[in-house]
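Participant: Below are the chains, spelled out letter by letter.
Number of protein chains: 4
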Amino acid sequence: MVERYALSPMKELWTTKANLERWLEVELAVMEAYEKLGMIPAGSAEKAKKNAVIDLKLFEEFEKQTDHEVIAFVKMATSKMGDEARFFHYGLTSSDVIDTALSLALVKACDLIIEQLDKLLQVLWKLALEHKETLTIGRTHGVHAEPTSFGLKVLNWYAEMLRNKDRLLYARRQISYGKISGAVGNYANVPPAVEKLALEILGLQPTPVSSQIVNRDHHAFFVFTLALLASGIERIATEIRHLQKTEVLEVQEPFKEGQKGSSAMPHKQNPILCERLCGLARIMRSYVSVALENNNLWHERDISHSSAERYIFPDATQTIYYMLVKTVYLLENLVVYKDRMLKNLNLTNGLIFSQKLMLALIDKGMSRSEAYDLVQNLSLRCWKTGESLKELAKKNISILNEEEIEKIFDPREYLKNVDEIYSRFGGGWQS
Amino acid sequence: MVERYALSPMKELWTTKANLERWLEVELAVMEAYEKLGMIPAGSAEKAKKNAVIDLKLFEEFEKQTDHEVIAFVKMATSKMGDEARFFHYGLTSSDVIDTALSLALVKACDLIIEQLDKLLQVLWKLALEHKETLTIGRTHGVHAEPTSFGLKVLNWYAEMLRNKDRLLYARRQISYGKISGAVGNYANVPPAVEKLALEILGLQPTPVSSQIVNRDHHAFFVFTLALLASGIERIATEIRHLQKTEVLEVQEPFKEGQKGSSAMPHKQNPILCERLCGLARIMRSYVSVALENNNLWHERDISHSSAERYIFPDATQTIYYMLVKTVYLLENLVVYKDRMLKNLNLTNGLIFSQKLMLALIDKGMSRSEAYDLVQNLSLRCWKTGESLKELAKKNISILNEEEIEKIFDPREYLKNVDEIYSRFGGGWQS
Amino acid sequence: MVERYALSPMKELWTTKANLERWLEVELAVMEAYEKLGMIPAGSAEKAKKNAVIDLKLFEEFEKQTDHEVIAFVKMATSKMGDEARFFHYGLTSSDVIDTALSLALVKACDLIIEQLDKLLQVLWKLALEHKETLTIGRTHGVHAEPTSFGLKVLNWYAEMLRNKDRLLYARRQISYGKISGAVGNYANVPPAVEKLALEILGLQPTPVSSQIVNRDHHAFFVFTLALLASGIERIATEIRHLQKTEVLEVQEPFKEGQKGSSAMPHKQNPILCERLCGLARIMRSYVSVALENNNLWHERDISHSSAERYIFPDATQTIYYMLVKTVYLLENLVVYKDRMLKNLNLTNGLIFSQKLMLALIDKGMSRSEAYDLVQNLSLRCWKTGESLKELAKKNISILNEEEIEKIFDPREYLKNVDEIYSRFGGGWQS
Amino acid sequence: MVERYALSPMKELWTTKANLERWLEVELAVMEAYEKLGMIPAGSAEKAKKNAVIDLKLFEEFEKQTDHEVIAFVKMATSKMGDEARFFHYGLTSSDVIDTALSLALVKACDLIIEQLDKLLQVLWKLALEHKETLTIGRTHGVHAEPTSFGLKVLNWYAEMLRNKDRLLYARRQISYGKISGAVGNYANVPPAVEKLALEILGLQPTPVSSQIVNRDHHAFFVFTLALLASGIERIATEIRHLQKTEVLEVQEPFKEGQKGSSAMPHKQNPILCERLCGLARIMRSYVSVALENNNLWHERDISHSSAERYIFPDATQTIYYMLVKTVYLLENLVVYKDRMLKNLNLTNGLIFSQKLMLALIDKGMSRSEAYDLVQNLSLRCWKTGESLKELAKKNISILNEEEIEKIFDPREYLKNVDEIYSRFGGGWQS
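Protein chains in written order, with my numbering: chain A, 23 to 453; chain B, 23 to 453; chain C, 23 to 453; chain D, 23 to 453.
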């Protein structure tokens, strides 16, 4: 992981220590289950817990010896145990521990992500409310289309993030599976009842049928959900980058005191955070193909997914976490220039009202193609000469009176249904 | 799309004609909505429906003229209409029609896919039941691990496909959204009530807030779901390819009468269908990055997604449909060699029972590392000399009696929990 | 392939007929080689050529029978041959024919692509020359940076396309390999001399060592080269989309007579071609992962690459061909608004000259940080009040005289090294 | 980067310290160039070099203050300089330093990679020579095809790696470009002569035309080359995984003393290194799409590539370096079981000689289809009954005498052209 994008507490989730602790948590839950089922002496689990050792140095030493992480872990963990050591890792295969612990980590990561996403939803809703009536030009193909509200733009992001939250909750269920089912998933040396009890203790579900591992479609789904979330952030960041262009300048990302935009050009205030987020979205996308390829393991498992997962799980969860934290900051502190929005709205001398004008003509009985041609002609003249389309309309169109024309060219008319759109979200985000 | 992989009825979904018909369906639903709301003269929709023209030649001609598909479509559709033409496409922007019609197509595609997936589930469940007790060797890292049942392998696929079905149902909801909200999504020229009624007629939901289009996260999710499903098929196909290798030969994909395996080697029966499915899974994977990139459109939309979607929607849905149809055929007609499975099970002279042996020693009071070392030594001898591990155990281990050792080396012991695993799926697939 | 993006002559390269004809070309070249080596009766090749049949219907029929393309092809091709049929496909394995013919197709495709790339280079060079002195603002982070020439922007594209041409020539060599070496590449049934002669006739090189096929790293490289070329086009298209934004409007993509920009807004002139090119670049990118995955075939070959290649080779070559043709048209007819460029250059009231000002102060002996702070302060005032930075400088900086300040704020100063940059390309493109 | 896959000396290339040192190297080269051109006082560069400070703590502190890496670097580097500080970073924009230094890093990384690739070539050549005559079965579709030599398999890898080396040398040239051309690439504040001299000192070429940065197509090409190399390693690793399967067991990857294959099954020797390499190849593939997306920056540059490159350059170069080092180890110590290869060769009772038999019949005058049918019938019988195809041939085919049949069924016949194939590589790898 790139150090500068690793934030607490997500960062701490992926240390070797945290990993070993999760493994221990799984082993102890299994012992507890055995004990509850009367399969090992009462008190073994308690004693094991008390005497269990987590010692990174020892672990590294054993790993060097054995070239096998779980064997090294078991040696380390039981290094100060008494007889209860016999029941530690009893009947288990390495993957029972590793894969179940991985689910613990991913569920925790998912919760941290949802927590930030909730903050983002809150900020977006607030911003959307604040700018419900803020007039701005809607653009398609980068070209002025029709007036709209800046809040509606934000509400669109809000709606996408709501969908992302729903997907994340779905994905969370998909990665909440553990397995304590042995080397090939048939409970040869550990009864299903142990799995059931142990996973209950850990807050996980048993996967209904496993191979040596939990199948990787569960994980691929989670990774994709994060990448899709990242692309939603990319969309927000891209919009801000556009709106911060010198010629547009309708919004600006926050600019810290003392921050310098350029070593060469002291005046520059660049949307570098937004650009950074766009770059990170590319990174997030790239994990999906890896996760999908990892699904196709040989027979009851091969371990090719493992090296790849050492990259993608820590990096994907930390990167999206960073992106969320920064997007919350970005939107909480976004500078919005309403005046400039209004000024830009008028840049085309009224061309943006052309469709409304055309429809009004149709309403008065003109055929669609006739109306289209008339409006297009006036538009082209307006475009070339810089004359106001409203004035041209007044002069050249007799079937509409002045009042009607004024109404057509009133940008606030475009906000008439905005309330209804907002109302679909009920009270929106409740903090 | 590659012609040879295009199957009916999915294929017909993506013809220009089908596309124009869906556009017309949307336009007429909108007119009906206008009419119901009393906004246009009663009977207009009916008349429009009666007089609407779908004529590919005319369409192409108009498109060449205007370089704009929807304008060409409107001209074609209304070419024989009377006054009702005035209300055709009234207040709409092209994307109201295109995007809503696209959702109709994707929902229909999704249903066809689910239909085949249901067939696959049925076949998998049948195969899993049939081989519930079929002994086979479980393999990890491609190396013999422990005995298991062939049915369990199949049940694992079944469980993954159940998850895929659940994801597809989720994805279907995600793409069941239309929008009739105008050029920038604020209902400037068409009231929300029209959208609500029109989409109801079409069986879709209004997207709570839209830009000019339905946001592309909906679509990306659907495309990913298909790719994940494809990777599940790839996993099945890869397993069969492995099991059909000359040295293994536990299963074979069906071989048609008259089919020739090789122009050079008349004896060869190659798993070419499985290999084909693996190749197609790569194709399916490749669509995901496109769909994710398409989410990041500029402002209230740019049209860069459109050219890309002309490839990925028709090709992804047709390819996965082909894959499903072929996988159903493959598994319905799979040749399973139970005898060879048993023969392969015994290839290692009993080494595969080593863990069971070790655990029995621990049960008798030996420490884990002592038991491990003892079993590893016997195993290495068995490995090198070809002696039977069971016989070596009988000769060298005194704390286990003959009966106990026989039980340890009985492969059927590994099936003892298979019933319980199956029971988790209730009655499984109900045709 | 998407019909609307399939252009001649690239399109004709990928028909079934063209494919069968290439197979025949290979078979006949092999026969000729056998004959030259005295291994088959003189005149056989000639007779075979005369009597060979290409008949699509027959082919389809045979393929249905045998489920094997090459066997079906051989049956069709030899269906009217006499005794010479014995030497047709003699000693060959299917892949000898298929893979060698594929190289013929790819080399031909590569040539067509290079032909269009040459046209693009020509157009770029012309445009670069035309606008060598056209002042425009250089932008970084979307924000005004320093003046530059529009021609230099184009020259940058030109330079990238020159690199792309060099890569394509390299890639062409990489796919100019055939193989006539039998089922596993060891010339078991065909001597190396036949391969050498036959490939010479076909204009290809023998791959120094083959499996059943030419290794797929050759092909992956070619596919990547096309994707990289596509991303260069995407960069051009993105720039134009930016420059065509309503607030910027420095260039416009060509707009055909009669073309309509929007069914709703008659005034809109949208960069739809550029957007289309951007979408297609995503498609081109997606082929790379498929091509890379295809490299990892099992043993002496599996056929999983084949289904995938039915998509990616025809689609990638046709799509990039379309992109090139359209980019040539785009740039040949690009509308450039020099006046608007000048107008935009002055939007920041001289802030863009801040670095030059700072450096002049350092030249006069000020420390870097002192100069930086002074210029930043003036810049911030200019930014906030709209005052001209030049006037502020004149008023507030005494160590620079008026003439010096005028020179600092002269945008043409930024073009002083443009000639030298152009000179690096010699005479540039020679038509 | 994943710590456990980070090896020296590649690892040290990507520390913050190494990075700052490269920046300093660039700044000093620029000062030296200025000095040589008489633009700054003689001795300035020398003094700057002597007084320059690299101090990570100071750097971090300044970066926190300014939120700008290069400004922080300049403050740190010049913190103990005298008047020469005025000429430090003079006329430069941040990217002049960053991008030029990046090229230094990538070139160095490329050299380290080529160094390991050379070792791999050496090992492959040795292994290929050693097994030139080692008979093994060639497999297509995972099914036995025809005999071949194990050395030839290795030689195929060798040939691919030779191509990879050629591509790397090409890629090295592509990333050997620096730029000292200012904020938008037009040498506004630094003359081209300075760039030329400075880059000469650094061993780089000036990019003929730059924006603020060296265009990212250069870098994308390099990243792809690494991914393609990785997929070549994946192919080797996949082959070994196949050959190490319990039923095949023709080779084994090295197994360290004390290493444990499984916590559960003491006998297991798993190809975990090969599986790890396969997983890492997926990771390497995933970088390509990021690098391609990075090419499409806005205008004269946006910085979105930067965050992404913080992942992909260090991780891609370190990962491929690890893969190469491990593949060298793997192949140097590969265990090859020649006896098992011979045993497996005979598994099909002679079916693998069927094509040779068919061709001999054609040579004797039989028609192709007659011969094919006859051989296929005998083959099917051999397949079903386990009879030897040779014996069946002797009994059922009269136009071939016993001696001829013996020759047909002699596997060494398949090696007759192996020498010629090897000879194409001259003396192969010269240590």
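Some hints here could point you the wrong way.
Because identical chains share one entry, a pair is satisfied inside a single copy or across any pair of copies.
PhoX-like, lysine-lysine: derived pairs with alpha carbons at most 25 angstroms apart [unchecked claim]:
#1 Lys218 / Lys438
#2 Lys416 / Lys130
#3 Lys360 / Lys406
#4 Lys417 / Lys102
#5 Lys438 / Lys86
#6 Lys412 / Lys58
#7 Lys416 / Lys218
#8 Lys416 / Lys187
Treat the hints as calculated values from the structure; they're not laboratory data.
Participant: For every hint, state whether the structure bears it out.
Facilitator: Hints versus structure:
no.: 1; hint: Lys218 / Lys438; in the structure: between (57 angstroms within a copy, 17 angstroms between copies)
no.: 2; hint: Lys416 / Lys130; in the structure: neither (64 angstroms within a copy, 49 angstroms between copies)
no.: 3; hint: Lys360 / Lys406; in the structure: between (28 angstroms within a copy, 16 angstroms between copies)
no.: 4; hint: Lys417 / Lys102; in the structure: neither (96 angstroms within a copy, 34 angstroms between copies)
no.: 5; hint: Lys438 / Lys86; in the structure: neither (70 angstroms within a copy, 38 angstroms between copies)
no.: 6; hint: Lys412 / Lys58; in the structure: neither (83 angstroms within a copy, 33 angstroms between copies)
no.: 7; hint: Lys416 / Lys218; in the structure: neither (78 angstroms within a copy, 35 angstroms between copies)
no.: 8; hint: Lys416 / Lys187; in the structure: neither (50 angstroms within a copy, 56 angstroms between copies)
Hints 2, 4, 5, 6, 7 and 8, counting from the list given before, are not met by this structure.
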